[in-house]
Structure formats: structure tokens, C-alpha cells
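There are 2 protein chains.
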Amino acid sequence: MSNQQNDFSKWYIDTIQKADLMDYTPVRGCIAFKPDGYEIWEHIQDEMNKRFKETGHRNAYFPMLIPESFFEKEKDHIEGFSPELPWVTEAAGEKLEERLALRPTSETMIGHLYSDWIKSYRDLPVLINQWANVFRWEKKTLPFIRTSEFLWQEGHTAHVDEEEARAETMQMLNIYKEVVEELLAIPVYDGQKTPSERFAGAVDTYSIEAMMKDGKAVQAGTSHYLGTKFAEAFDIKYLTKENRHEFVHTTSWGTSTRLIGSVIMVHGDEQGLVLPPRVAPTQVVLIPVGPWKKNPAIMEKLDAIFKELKAKGIRVRLDDSDQSPGYKFNEWELKGVPVRVELGPRDLENDQALMKARDADEKVAVDLAKLVESIEQELQTMQTRLLEKARAFRAEHSHTHIDTLDELKKHIGDSSDKGEIPGWILAGWCGDDDCEEHVKEETKFTTRNIPFNPPAEKSACINCGNDAKHTVWFARAY
Amino acid sequence: MSNQQNDFSKWYIDTIQKADLMDYTPVRGCIAFKPDGYEIWEHIQDEMNKRFKETGHRNAYFPMLIPESFFEKEKDHIEGFSPELPWVTEAAGEKLEERLALRPTSETMIGHLYSDWIKSYRDLPVLINQWANVFRWEKKTLPFIRTSEFLWQEGHTAHVDEEEARAETMQMLNIYKEVVEELLAIPVYDGQKTPSERFAGAVDTYSIEAMMKDGKAVQAGTSHYLGTKFAEAFDIKYLTKENRHEFVHTTSWGTSTRLIGSVIMVHGDEQGLVLPPRVAPTQVVLIPVGPWKKNPAIMEKLDAIFKELKAKGIRVRLDDSDQSPGYKFNEWELKGVPVRVELGPRDLENDQALMKARDADEKVAVDLAKLVESIEQELQTMQTRLLEKARAFRAEHSHTHIDTLDELKKHIGDSSDKGEIPGWILAGWCGDDDCEEHVKEETKFTTRNIPFNPPAEKSACINCGNDAKHTVWFARAY
Numbered sequence: 001m002s003n004q005q006n007d008f009s010k011w012y013i014d015t016i017q018k019a020d021l022m023d024y025t026p027v028r029g030c031i032a033f034k035p036d037g038y039e040i041w042e043h044i045q046d047e048m049n050k051r052f053k054e055t056g057h058r059n060a061y062f063p064m065l066i067p068e069s070f071f072e073k074e075k076d077h078i079e080g081f082s083p084e085l086p087w088v089t090e091a092a093g094e095k096l097e098e099r100l101a102l103r104p105t106s107e108t109m110i111g112h113l114y115s116d117w118i119k120s121y122r123d124l125p126v127l128i129n130q131w132a133n134v135f136r137w138e139k140k141t142l143p144f145i146r147t148s149e150f151l152w153q154e155g156h157t158a159h160v161d162e163e164e165a166r167a168e169t170m171q172m173l174n175i176y177k178e179v180v181e182e183l184l185a186i187p188v189y190d191g192q193k194t195p196s197e198r199f200a201g202a203v204d205t206y207s208i209e210a211m212m213k214d215g216k217a218v219q220a221g222t223s224h225y226l227g228t229k230f231a232e233a234f235d236i237k238y239l240t241k242e243n244r245h246e247f248v249h250t251t252s253w254g255t256s257t258r259l260i261g262s263v264i265m266v267h268g269d270e271q272g273l274v275l276p277p278r279v280a281p282t283q284v285v286l287i288p289v290g291p292w293k294k295n296p297a298i299m300e301k302l303d304a305i306f307k308e309l310k311a312k313g314i315r316v317r318l319d320d321s322d323q324s325p326g327y328k329f330n331e332w333e334l335k336g337v338p339v340r341v342e343l344g345p346r347d348l349e350n351d352q353a354l355m356k357a358r359d360a361d362e363k364v365a366v367d368l369a370k371l372v373e374s375i376e377q378e379l380q381t382m383q384t385r386l387l388e389k390a391r392a393f394r395a396e397h398s399h400t401h402i403d404t405l406d407e408l409k410k411h412i413g414d415s416s417d418k419g420e421i422p423g424w425i426l427a428g429w430c431g432d433d434d435c436e437e438h439v440k441e442e443t444k445f446t447t448r449n450i451p452f453n454p455p456a457e458k459s460a461c462i463n464c465g466n467d468a469k470h471t472v473w474f475a476r477a478y
Numbered sequence: 001m002s003n004q005q006n007d008f009s010k011w012y013i014d015t016i017q018k019a020d021l022m023d024y025t026p027v028r029g030c031i032a033f034k035p036d037g038y039e040i041w042e043h044i045q046d047e048m049n050k051r052f053k054e055t056g057h058r059n060a061y062f063p064m065l066i067p068e069s070f071f072e073k074e075k076d077h078i079e080g081f082s083p084e085l086p087w088v089t090e091a092a093g094e095k096l097e098e099r100l101a102l103r104p105t106s107e108t109m110i111g112h113l114y115s116d117w118i119k120s121y122r123d124l125p126v127l128i129n130q131w132a133n134v135f136r137w138e139k140k141t142l143p144f145i146r147t148s149e150f151l152w153q154e155g156h157t158a159h160v161d162e163e164e165a166r167a168e169t170m171q172m173l174n175i176y177k178e179v180v181e182e183l184l185a186i187p188v189y190d191g192q193k194t195p196s197e198r199f200a201g202a203v204d205t206y207s208i209e210a211m212m213k214d215g216k217a218v219q220a221g222t223s224h225y226l227g228t229k230f231a232e233a234f235d236i237k238y239l240t241k242e243n244r245h246e247f248v249h250t251t252s253w254g255t256s257t258r259l260i261g262s263v264i265m266v267h268g269d270e271q272g273l274v275l276p277p278r279v280a281p282t283q284v285v286l287i288p289v290g291p292w293k294k295n296p297a298i299m300e301k302l303d304a305i306f307k308e309l310k311a312k313g314i315r316v317r318l319d320d321s322d323q324s325p326g327y328k329f330n331e332w333e334l335k336g337v338p339v340r341v342e343l344g345p346r347d348l349e350n351d352q353a354l355m356k357a358r359d360a361d362e363k364v365a366v367d368l369a370k371l372v373e374s375i376e377q378e379l380q381t382m383q384t385r386l387l388e389k390a391r392a393f394r395a396e397h398s399h400t401h402i403d404t405l406d407e408l409k410k411h412i413g414d415s416s417d418k419g420e421i422p423g424w425i426l427a428g429w430c431g432d433d434d435c436e437e438h439v440k441e442e443t444k445f446t447t448r449n450i451p452f453n454p455p456a457e458k459s460a461c462i463n464c465g466n467d468a469k470h471t472v473w474f475a476r477a478y
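Residue numbers (our numbering), protein chains in the order written: chain H, 1 to 478; chain P, 1 to 478.
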């Protein structure tokens, strides 16, 4: 295992491979999601689907191939995405008349169809989500975080007016924040993206941003108010109650399999993964120790505990393989299993088992009579504890007293000298693209978002010193 | 609505469009799955996932793009699939060095990876399933049944020996049979495909075959024993307990969104869809009738019923729109909602509601006190009734007394004269490809499968009259 502090990237890649989450493939930038990696995604899907459906959304599926001419209908959109598109040019032995892009996102295809589906105010709102694979032929890739093909959900909604569409944009951002914080135990800042970081074709883009253990930021979800831009490009009009034809206001919002990578980078440690109980493929592992093979009562007891946990819906495994206990402890720690239970002959004599939470230093002895209850409780407290730890880490590496570019450069230099991560900085910004760009060029710090609830308000632009229009998170980002 | 008997294809396409299940798109042969169509798929997914997981399978995700060289490693496989492949030849502004196919199925990519993942008998069996979009650039397409892009699941397993792999092949075929019969209320014949109808690269292919209302067959699921063919092509070997290197034996098995089309074609009628309760997006619709707007007690009662049904997990809608009751009845019948409940002032006075099952001729009056219970019961009995009706239909159109090609031609001619469907015929076959091909050329009847439990045994080949090796279902097929 590589050292997390010295070479975070290597630690990350080693860890996800050893923990069997993914594998590389011969197709550039495309990974295979192995069962333990994919199951984290399934738990995310379940939680998102539940909340999408509770708020009136339904799933649908749209074609993956998008005609080239569709992209050209929205100018910003084609500019933003065309450098990254893979193209189908031949099929069934014939050259196609028009190239077909592998979707990077589906606003254009869906815009085209919505213009048919939406005729009257009675058809609105349209609240549809899609789970799909998408493609962005990136130059630099990193498993889960940035891959040529990835999995995501993309919501696409249409509304009678701006007010309703903006409310939807915020509702979905809130759902993302809740799921990422509650399920993945990752604290996020919600806020608005600056114009230069907006989605190609959006009027306003909002994001949730998470801090990884190397201090870099991951944009963990985005929600866009698209105004009438796509409605105008694809002629999506409806008849109002007053018999007028109006353009709909649309939104789109997405989260992707980069959330899997984020969980690893937020919670993992030198021993490997640390998975929040709610998304862990295995929540509890039971391991017999000592001379257990000569003592059938051990496995009988573990079998009984296994069944009891299973009946409660807990994802439990019993590791009765021939490996040594020490090997098993390492193996299941590497895989990030939240709770480990050990039972040996002496434990059984004392009517107890040893329980260890993945993020705890010590094992604790638990009465067998209270074991199942204790495990359930530990799974809950660990879920909360991981979120609190991540919040504390974020607070420690969020800097609110850096007010000039020189101070930022000094901070970066000092951090580097001390072998510390530079983290995020909260700074003022005058609103000028050039100031944003200059900070980026000089420090690789980019604007993450303009947080809705910043821990402080800043008054001067970090670059030019003029009045700050916004208080912004700056950070290096994935 | 077109007439089902006179022009089944037109009836089918009209019905699925009017019932809002799908829409055509500008990409050839690619449809959009609208929410009511997609939700049928979600119910299928849930039921399949449950059974896959119970039998030890886990989901994973593999890259969609497959290098051309991979296909060339298994001779039969490339021959079978190459005529239907779309190719990515350019990405991010550059021509690719090697063309990448949009997967038609994933044996090759998965074979390549399994050769890395599988080293020892300890790694076996590998039991993985994938939910994904796949592509087959078909000349003739039909929504849900045959589209250029479709959704499916594909299981890919690897085993120590033939016995275990064959047991897996059968286990999965059985799961398909159970899900299709129990969830979709579609009776199927399970059996083995003839060599000419085998999956490209399989040793043996097994299928479940379903009869549509026009008498044509749909192959509703397939399960393949692949022997060591892909293991040899991709060098998937494992070290046995005895320290020898052996090829694994692999299987693959799949079902797709064509099941959505099959549900429509098996149960639909002149009024539109008839959906089995277990897959219906809306199971119960509540409709106020009579002068209900002047009588708030009606909506109060319906609200209470709605809540009670919802609490029981029943998918219920309350249609309080301004349309007339007659319009609503038609609309919800077209959409195939299993149970309709009407409540008007006079019903309320009599402490009753009217309930109508989608496939029943008459409404029945039900005591309000027993309404929820009656609805629950009706949903269950309708599920069983639809399966029984489909079984009876299939029995009526399965012919076991046609023994020669001349008799088959006469049967087809007679059926056509009487405006009847020719259905399926059970006939003997000597095992010769040429005999199978000749029947096809003369009648368009192809072998569906060699059923495990044929309703009769046949002794002479329908084409040549020699001894029959197999008793086979012949039918026209989608």
C-alpha cells in the first residue's frame, strides 16, 4: 500500500485496485466496474431513485446516439462538448450519411423529443430522469473520477415559467446535498458556479463541492437552470391557459460514478478503504479465531449471528476460509468493511465477542446477548462519525484569512514546505473572468462555487483588490 | 385504434404510441422509452435482480466500446455479429488507430478481463451480471421487439467444469421462465435451440419462447453454455487443486426490453393495453363520477381510499381532471390499468363503489368497507387469470397433428382463408440443417426450440419423413 500523504494518486489507484473495485481495460480511459465498486453505485441509485420518485420524477431512456446536426442547434453547447466527442461513422458495413455522437449528455436529443411531447400547459411540468452511460473522450483520466465512459443520471425537466424551473433546479441540488451527506457521509458546499465554470448552454449552474483528503475538490453534482435556451434551439413551446404560445423553461441535473471515487478519497486511510455503512457492499464481517476448527460451537454461534443479522437486512459475510485471522483482518480492512466481529473459544467461554469498527483504534468486547444490537448501533454511529470526521477535516483545511494572490502563493509555498495540503481558500472575487483566470494561471486554484452559506464574507477581490461581488471557494480540483 | 385481428402490426404500433410507452427518434431504429414503457422494464429489473442476487450473482459494468481485434478472436462470434455492428472511428477530433464496436453483447470484453481475474479454483465460480445498452444495427426494426439500440441484462459466468456450467445455464433459464410467467403472465416453452439458431460462439443455446396474439413467436430469453470456446479464445485458465492449468467453462444468458413488447402483444386487446398487475405502472385508478364536484364527500372518500391503497404499496392514481368519466375510462383502459374504481353520489349513498377489472366485461358493485380488500384480491386474481388466458390461447393455436410439409402448407392456406392465425406447430425433425432450412423457405416457419416438455412426441421429420431425432416447435417469429 502506498503512503496516502506522500503520493495520494498512487495510494488511490493502488487502493481501488487491491480492494477489487475496478480494473483497467484496453479501451482508452474506460474502466470495468467490478462488483464491489458497482454495488456502491447501486446503493447510490436506490437512494436517488427513491428521492426522485418522491418528488414526482419518473425514469425514461433516450437513444445514446445523437445526430451531429442536433449539437449545432445550441451554440454554447457544441462549443463546450465537441472537443470531447467520439463519433460513429459506419454501421453494418456502410458509411453513415451523418455522423452520430456518443452522448456526452442528452439535452439535445431530449430537447428534440420534448418539442413533440409538450403542446399545452396541461403537459407541464415534464419531470424525467435517465440512468445511462455517457462519453467524454478526456485526455487525462482517473478511475471513477474522470473516465471516457461513465455512468450517471441526468434529469431533464420542463416548466411553465422561470420561477418553477428555478425552484426545481434548487430542489434537485438539495436532494444531491442530502444524499451525498447522509448516504456517503461526504460534507459538501452548495453554491453557484461562476460563468466560466457553467455547463455549456446553461443560464445558471449550481453545484455541490466536496473536499478530498488531498485537499482537492470534486464537483459531486450539478443542477442547471437552462432558461429558454434549449427551448428556443429545439422549439419547445406550449399553449398557455390564455392561448398564447410560450417557450418552456428547462432544467437539467446530474450526478455520476465519480461519487464512487469521492467516497474512497474522502474516507480511505493507509489501511485501505473506509466505507460508510450505508453504501458498504459488506457491512459486517464475522471471523472465527483461535483453534475454531476443533471447536464446532464457534461456527454454530457465528452461523446464528449471521442469520440474525441477515434477517435484519444487514449485509453480512462470514469468512470461514483457510487463511489466518491476521490475513483476514487485513483483507477486510482493505475492503473497508465497517464492522468486524471476532469470535474464538476463549470469547465464547466468556460469553462475549470482539467487535472493531473500521475507523476505531481498539477492539471492544461485547456480550454475546447484546452483540446484534451493538452491531446495529455501531453501524449507525459510524455513519454519523464519518461525516463528522470529514467535516472536521474540511474545516481544518479551509482557509478564510487569505485575501490576496500573494498571500495565496505564500500559503501554497508554506504548505508545500511543511508537507501539508493547501486545502481550499475562501476569497473575494470582483466578478471579472480575467481575475479568475489569473488566479488559476498563477496557482492552479480555480473557483469551485459561490457558496450559499459561506463561513465568512469577503470584501475585496483576491486578484485585483477591487470590491468583491462574491465570496468564492477556490481550490485545486479533479 | 386499429383492428387487432386485421392488422396486428398496425394495432401494436398504434397502441404503444397512444398508450405513451415510446416514441420514434431521428436515429434509425432507436426509440425513446417513455416513463410508462420504461417503468415496465424497471419492474422486470427488480424481479430479475432479486433472483440473480438470491442465486449468488452480482452486478458489474463493462466498457461499451469493444476493440475490433477482440471480435476476431472467436471465429463464430465475429461471423455472427459483424454484419450488425456500428463502429466508432473518430474521437476528440482524431481518427482512431483501431475501430471500436458498440457492443452487441460482451463475451469478448468480459473474456479478456476474466483471463486476468481468474487465476485459481479459489476464484471460481465467477457469477456476474450486467445491465446495459447494446447495439445491433438491424435492417428491419419494430419498437421494443427489435431496435438498433436496446436495453438488456447479460450474465457471464465462469466455472471449474462442464457440469457446473451446464447447471448454471439451466438455473438461469428456469429463472427466466419463472419471471416471465409469474411477473409478465406470459406462458413460455423452455427448450434447446437447434444448431442453426444457436448464439454465435455457443456450444448449446437454450431459450424460452412465447406466443404472441398474432401467433408469432418471440424468443423471450436465452441461456448459453459456451463450453471452453471463449476460454480458449481469451486464454481464461485456472490452476486446479491438483496444480494443473485448465480452461474454465463459461455461460452467458440474457433478456431484454423486447419483454416489454411481448407483454403488449400477449395481453393487449382492441381497447389497448392490458397490463398484468405486477408490472403495471398504475395498478388502480380511482375516478369520481356523477355530479361529484358539488359533493365534496366523494373526493374525501376517494382521497381516503387512495391513501389506504398507497400505504399498502399499491400503485394508485386518482384522476380528478376535468375530462368526462367516459373519456377517462377510455384513457385508462388504453393504458391497460388493471383495476378501475368509480365513485359517484349515488354509490356513496349506497355505501358502495363500482369496480372493473381491465379484462372483465362487467363492473361489479363492492361495499366500501370491503373495497380495499377487494381491490387487492382482484389484482391477484387478475394476475393469475391473464396467465391462464394466455395459456388457453396458446393451447388453442398450438397444432400437434401436422406431420408433413404439405399438411403445414395446407394448414397455413386454410388459416389464411378463414382469417385465422396459423399459430405454432409441433413437428418431428431429423436433425438435418437442410430440412430445417427447406421448411423455412417454403413456409417462413422456423424452429423455435426443442421443448423439454413437449405436449406430444413426433416420430418422423416434417420435411424428409425420416426418423425424427427431435420434436420441435415451428413458428413464424419476430
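Any given hint could turn out to be false.
Identical chains share a label here; the pair holds if one copy fits it or two copies do between them.
[As the list claims (entries may be wrong)] List time: in silico PhoX-like cross-link candidates among lysine-lysine, alpha-carbon distance up to 20 Å:
no.: 1; residue 1: Lys-328; residue 2: Lys-95
no.: 2; residue 1: Lys-294; residue 2: Lys-440
no.: 3; residue 1: Lys-389; residue 2: Lys-418
no.: 4; residue 1: Lys-50; residue 2: Lys-140
no.: 5; residue 1: Lys-73; residue 2: Lys-140
no.: 6; residue 1: Lys-18; residue 2: Lys-119
no.: 7; residue 1: Lys-53; residue 2: Lys-310
no.: 8; residue 1: Lys-50; residue 2: Lys-139
no.: 9; residue 1: Lys-409; residue 2: Lys-177
no.: 10; residue 1: Lys-389; residue 2: Lys-139
no.: 11; residue 1: Lys-140; residue 2: Lys-95
no.: 12; residue 1: Lys-293; residue 2: Lys-328
no.: 13; residue 1: Lys-410; residue 2: Lys-216
no.: 14; residue 1: Lys-363; residue 2: Lys-312
no.: 15; residue 1: Lys-75; residue 2: Lys-50
no.: 16; residue 1: Lys-310; residue 2: Lys-418
no.: 17; residue 1: Lys-458; residue 2: Lys-440
no.: 18; residue 1: Lys-418; residue 2: Lys-312
no.: 19; residue 1: Lys-458; residue 2: Lys-370
no.: 20; residue 1: Lys-418; residue 2: Lys-73
no.: 21; residue 1: Lys-444; residue 2: Lys-370
no.: 22; residue 1: Lys-139; residue 2: Lys-95
no.: 23; residue 1: Lys-410; residue 2: Lys-310
no.: 24; residue 1: Lys-307; residue 2: Lys-50
no.: 25; residue 1: Lys-307; residue 2: Lys-53
Because the hints were derived from the structure by calculation, they are not lab data.
> For this structure, which hints from the list above don't hold up?
Replying inline: Failing hints, ascending: 1, 2, 3, 4, 5, 8, 9, 10, 14, 15, 16, 18, 19, 20, 21 and 23.
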